[in-house]
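Peer 1: This note's numbering applies: residue 7 is where the sequence shown begins, and numbers increase by one.
To be clear, the hints were calculated from the coordinates, so they are not data collected in a lab. Be aware that one or more of the hints could be misleading.
Here are the in silico distance ranges between beta carbons for each label pair [what the hints assert, rightly or not]:
id, residue 1, residue 2, range
1, Tyr40, Glu63, 28 to 34 Å
2, Lys8, Lys49, 21 to 27 Å
3, Gln44, Phe12, 42 to 48 Å
4, Glu39, His10, 35 to 41 Å
5, Tyr11, Tyr47, 33 to 39 Å
6, Glu69, Cys37, 30 to 36 Å
7, Tyr11, Glu69, 16 to 22 Å
8, Glu38, Lys8, 34 to 40 Å
9, Tyr11, Tyr46, 18 to 24 Å
10, Cys23, Gln44, 32 to 38 Å
All values reported here derive from a predicted model rather than from experimental measurement. We put the beta carbon where it would ideally sit given N, CA and C, even for glycine.
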Amino acid sequence: MKKHYFLLLLPILFAGCFNDRGVSMRYYNDCEEYYDAQGYYHKQCDKNLFDYKDIKEAMQPAENPKKGSVR
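Sequences are here, hints too, so could you generate the full structure?
Peer 2: Given below as structure tokens:
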């Protein structure tokens, strides 16, 4: 099953650009950074094809695998 995910993910990885947050269509993300009226810092970036944290979560095994009906 992991082979299938890898084969599906492989073409997308070579089609995108690797940056510090993940894989996107551009190397540099267009991020909008600003401070609001209360002085809080905000940073809004465009979406990536894949974020590294999503890939790490997908590779983790299931926490509670279901047991089968066979005893």
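Peer 1: Hint by hint, note whether the structure agrees.
Peer 2: Hint check:
1. At about 30 Å, the CB distance of Tyr40 to Glu63 agrees with the hint of 28 to 34 Å.
2. Between Lys8 and Lys49 the Cβ separation comes to about 34 Å, which falls outside the hinted range of 21 to 27 Å.
3. Gln44 and Phe12 have their C-beta atoms about 46 Å apart, which keeps the hinted 42 to 48 Å range intact.
4. Checked against the hint of 35 to 41 Å, the C-beta distance between Glu39 and His10 comes to roughly 39 Å, which is consistent with it.
5. Between Tyr11 and Tyr47 the CB atoms are about 36 Å apart, so this pair conforms to the stated range of 33 to 39 Å.
6. The hinted window of 30 to 36 Å between Glu69 and Cys37 holds, with their beta carbons roughly 34 Å apart.
7. A hinted range of 16 to 22 Å for the beta carbons of Tyr11 and Glu69 is consistent with their spacing of about 19 Å.
8. For Glu38 and Lys8, the hinted distance range of 34 to 40 Å is satisfied, since their beta carbons lie about 37 Å from each other.
9. A hinted range of 18 to 24 Å for the beta carbons of Tyr11 and Tyr46 is inconsistent with their spacing of about 39 Å.
10. Here the CB-CB span from Cys23 to Gln44 is close to 35 Å, well matched to the stated 32 to 38 Å.
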